[in-house]
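A.B. asks: Model the full structure from these sequences, guided by the hints.
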Amino acid sequence: MSTPDKLINFAKRPKIAVHKFSSCDGCQLALINDAVSLLELATMVDIVHFAEAGPLDEFAEVDLAIIEGSVNTHHDVHRIEMVRAKAKYVLSVGACALTGGIQALRNFTDEKELRHWQHDVYPEETEVIIEGDLATAKPISAYVKVDFELPGCPINTGQILRAIRQILFGVEPEKNVDPVCTTCKHAGVTCVMVAKNEPCLGPVVADGCDAICPKLGRGCYGCYGPAKYANMDAMIAKLKEMGLSDEQIKHKFHHINSQAITFHGVVARTISQ
Amino acid sequence: MNVENRTTKIEVPILARVEGEGALDLEITAGKITKCELRIYEPPRYFEKFLEGREPNEVIDAVARICGICPLAYQAGFSNAYEAAFGVELTPWIHDMRLLMFLGEWIESHYLHTHLLAAPDFLNYRSGIEMAKDYPNEVLRGVRLQHLGNEILKLLGGRSVHPNGMKVGGFYRAPREEEVAVLIPKLEAALKDAKDVVEWFSQLPFPDAEVPFKMVSLRHPTEYPVFATEVITSDGETFNINDYDEHFREFHARQSTALHSTTIAGEPILFGPLSRINLNFDRLPPHIQEMANATGIKWPSRNMFHSIIARSIEGYWAIERALEICRNYTYTDKPALEYTPKAANAWGAVEAPRGIQIDHVQLDERGYATAIRISAPTSQNLPCIEANLRSSLETFGLDKPDDELRLHAEMVIRNYDPCISCSAHFLTLNITRQ
Ligand code: SF4
Ligand code: SF4
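First to last, the sequence lines map onto chains A and B. Note that full-length UniProt numbering gives residue 141 to position 141 of the first sequence, counting from 1, and the numbers run on in steps of one. Note that full-length UniProt numbering gives residue 391 to position 391 of the second sequence, counting from 1, and the numbers run on in steps of one.
Honestly, the hints are just simulated from the structure, not real lab data. Keep in mind that a hint or two might mislead.
Unchecked claim - Simulated pairs of lysine-lysine, DSBU-like, Cα-Cα distance not exceeding 30 Å:
#: 1; chain 1: A; residue 1: K88; chain 2: A; residue 2: K112
#: 2; chain 1: A; residue 1: K238; chain 2: B; residue 2: K334
#: 3; chain 1: B; residue 1: K154; chain 2: A; residue 2: K196
Quick caveat: nothing in here was measured; it's all calculated off a predicted structure.
C.D. replies: Structure representation (structure tokens):
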């Protein structure tokens, strides 16, 4: 059954939950920060669980569960399974939920090094950490089925309200398939790479942020994750030509969305480790 | 039933209206609190480790992600540390813009916290959404003020969560004069709103609760502290932020995966708006001092519940200060200074909305990080929250029903605006009575 068919049965007044996993809370701010829209949303749906905003009913049956954050602990593996079991649809939001987020940089360590990290940051009584911690920070989709995804670190208010509205109308939330460059061209923003020789990941990064960084005169660092059709080889060749070292290029992709296959795989293939 | 013999266990899965999640263990034996631990289950995120080997501006972009509510505190703290390390002297323009942007974060954070997270407690609502049904104008006024803070952040950073404008040595871009000018009438109108908020909050019912803790804040030579290098305490100590380790100790407590801080002697220390206003009352302009006195509160106050008023007064000050900066704004084509990276060790400190944010970097000759330390305001406050819970629950009355005890405990915790999203994610309240 295709998603639109399934969504035909979506409740007229759906129950919605917002769950947080390992994250900075920044994506849920897309709802709280715009309290006017949140109040309006509350007239159309029942928000049954949203800890930061107030309502608490963690494992209630819901039509839509919105998930922020990545899975970093044993406890959270259990929790996301429970949430999935009680939700008709799951919408993952933000780089943490989609790709593990910035904390997934831990995935490049091995177990021995991770132990060092644990002891360095938490020098005393680390058992509580060692016992609870997983060796990886992984996206929600690594553990349970996810129906819809919104990229970004953070996602923005327009994006999530549009997605919720589309779901309420029985339509699958649209995906941005273009790169950041598209917005630059439409908005008449001067290309920072051409004009200022600034490294910019815009050609391979998903549009949706309204090209914030080029508008500020700086290069994109990839917080919206990879664009659908990304020519990574050309991008890396260009960065090399601009004089960036392999280490600098690697760090650019191993950042906020380091586990996105497009970034992770290509860096491993193209750049000497 | 005899209180002494009652055994009860209450579990509340998550503390609502707090950024991040944690747990509270409360044990009451023979009418006394025998255990009171704020437990924080932090999936550690290891910023300190994975940022090793990174270049300065990558670190500035990365540390924003520690916290969605006060990303700029980390960006500003680290910028300060790098600029100290490389010997960069900010121009007055850059300094003013840093201050303006950070005041945007104060305004956004204070009005979000006071209206949506804290105020419902005083008026007996479970959420800001519920409160808005009976107090639509008040909530919308708070939201308007919060949005103004976001707008300031957006002006300089392109967006309010994880803004992208700041770099070591200044900003990527200077706003044009007309972009700044549009803020002026909004800030002017906000002054009236902000004053009304102070008046509204001063009429809230405040439970009694004296906190005995040592209060700590930054101290600026001439004005209310935001960026500064001097630290003062309510015991009359004064020292430079570089000597932080000689005065305070950060450690890991068994029940928590967030770090805790105390004095070297192990006493709790209070950071945040109440400490700031108490220790820097003389740095508020006289008419704001008058406004603060008109609330009927005798400053300095040791009632932790007055934090909501402290935040509203700081909000007013921040709007007025931001207005002054905008009125004097002139465009520059040099929004950032050049610098030569070098090996160094340096501290950076800022007054984040919730208290002092302290960062330390150790750098190699390319300016790449070899070691990083991050002390968030919440970790400094955790031992205080625990001690405050003990005393205020006893004052409140331990024989009260479990539900009331739980609500009161949550209210005490929310006064600190603990921002444990950087760390912690799960609060269960277990009350055991024996
Ligand atoms: S994706 Fe970014 S903004 Fe969203 S929760 Fe994760 S770190 Fe925060
Ligand atoms: S331009 Fe790139 S780094 Fe900047 S906000 Fe957009 S996606 Fe994120």
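A.B. asks: CA of K238(A) to CA of K334(B), is that 30 Å or under?
C.D. replies: Cα-Cα ~28 Å, so holds.
A.B. asks: Sort out whether K196(A) lies within 30 Å of K154(B), counting only the CA atoms.
C.D. replies: holds, 23 Å
A.B. asks: Verify the proposed pairing of K88(A) with K112(A), using a straight-line Cα cut of 30 Å.
C.D. replies: violated, 40 Å
Hint 1 alone, counting from the list given before, is not met by this structure.
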